[in-house]
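Heads up: the protein sequence lines correspond to chains V and P, in order.
Take the first sequence: its letter number 341 is residue 341 in the numbering used here, and every next letter is one higher.
Take the second sequence: its letter number 64 is residue 64 in the numbering used here, and every next letter is one higher.
To be clear, the hints were calculated from the coordinates, so they are not data collected in a lab.
In this text, all values refer to a predicted model and were calculated from it rather than measured experimentally.
One should not assume that every hint holds.
[To be verified] Okay, the calculated bits of chain P under chain V, using three or more residues with CB under 8 Å as the criterion:
(1) 6 to 16
(2) 78 to 89
[To be verified] If you want a taste of the chain V side facing chain P, the calculated C-beta under 8 Å gives, among others:
(3) ALA30
(4) GLY51
(5) ARG138
Positions of the beta carbon are idealized from the N, C-alpha and C atoms, including for glycine.
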Amino acid sequence: MSKLAEWLVGIAAVGLPRGNRARYAEQWAADLRDAEQVGVGRFQIVVGAFGVTAGTVRREIWGRELRATLSWVQPAIFLLLLAIPLYFAVVRDDVLHLFGGPGVALRGSFGVFSYLMGGGPLIYLLFPLYVVFISCLRLYREVPTSERVTVRRESYLFARLATAGGISFVAFAFSTFLLFVLAFYVWPALGNPSVDPGVYFLTPETAVTSSFTESTYSQLLALGPLTFGILYSFWVGFCAAIWTSLAMAALLTVRNRPLAVALPFLVYIAQWVAASLLGNVRASFAASTFPFGYQQTSILAGAAPMLVLTAIAAAIWAKLLRPAHRPDVLFPSENNAATPAT
Amino acid sequence: MRELTRVTPATTDVLRVLAGSADPTWGLQVVKQSGRPAGSVYPILDRLERMEWVSSEWEIDDSRTGPRRRLYRLTAEGAPAAAAVIAKSDQHLVSAKFLVDGAI
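Using the sequences and the hints given, assemble the complete structure.
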């Protein structure tokens, strides 16, 4: 326990600002060494150390970063994410039978959800663009004025990454969950407009069981709709956070800013085209995130493309956060061998 | 020194320990004497130090090798503020006791 506790408080100290790390690492090490003298458990000390670190990270990210990052852009894009599917549903396809439009026949609650999540190509194909706009605008503005950035580098990058990734995660997970609630709870309350399982030779009951095999991740419906809704919303949020991390990495390493923020989208589309041409569109990042309309695979196989991308993003960030690999774009003077490091 | 926006019972207990000692007190001793877990006391000490109610210094003890203990004390401005917080807390305790006794 002693060695493990020492290792854990060392980890906790790493999460603190550089100026405090050595002080707290030594302080907690002394406390661990002498804990028995005062009859205080080592586990308590570990919890206390992480409490201090968590408080620091919370202050830095939620107090300062989030306030500086949030603007009218995030709510606007969030509303757009909800408005697009609703526009297609209500106006184009008139699923609520308001305008005498063509209408659609949906199998059941999952059919409604698939339909809303499809949202036309505006969500499926433009996903990384929304992610970038919702999370990376602040860094986009800051990159050319990097000389004004006086905070320490790792803290700066970590705080930006955590804030932008968190915003992406929350925005996309929450918008997905709202559409889930709309499909599974509000829609039945409205009398299930446009839901007609009979068209598919199904009854309302068999429509439920058939939804378990309708597309990848819909297996989770067997655990209950709410479990599916929560887990799938988290998955979409997670995918958005990964695209955010890649866009930020591009902003830090590619000097052409418009190209940098467009890179995730270009990769997304190029990989989708390549997967389609190879006859396996389910292997695309797009289908891995939005698998609706494709034949069901196992959850692991469905998630695999995005998990591979996650590993790539982690490797890129591990390199970016290493002191030996400072991003040229943001810290030009620190990389200039002729300029002494400050 | 900045104002505390939130004073919890645990904060009061930590202040009480520090106010009760003329000498700087080791962080773990504060845990022990306050009867609060380190998971509460460490973040409170950190917050009190940031708010400048408390200052800290390394223990000077040549007989002990290895990492040094961190000692805490109330600052000149923190001491009267802590006394006020403790007095207010005690007053609430007396009021509560009065209410309970009155009810009985």
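Hints, verified against the model:
no., hint, verdict
1, 6 to 16, "violated (count 0)"
2, 78 to 89, "violated (count 0)"
3, ALA30, "holds, 4 Å"
4, GLY51, "holds, 4 Å"
5, ARG138, "violated, 26 Å"
The structure shown violates the earlier hints numbered 1, 2, 5.
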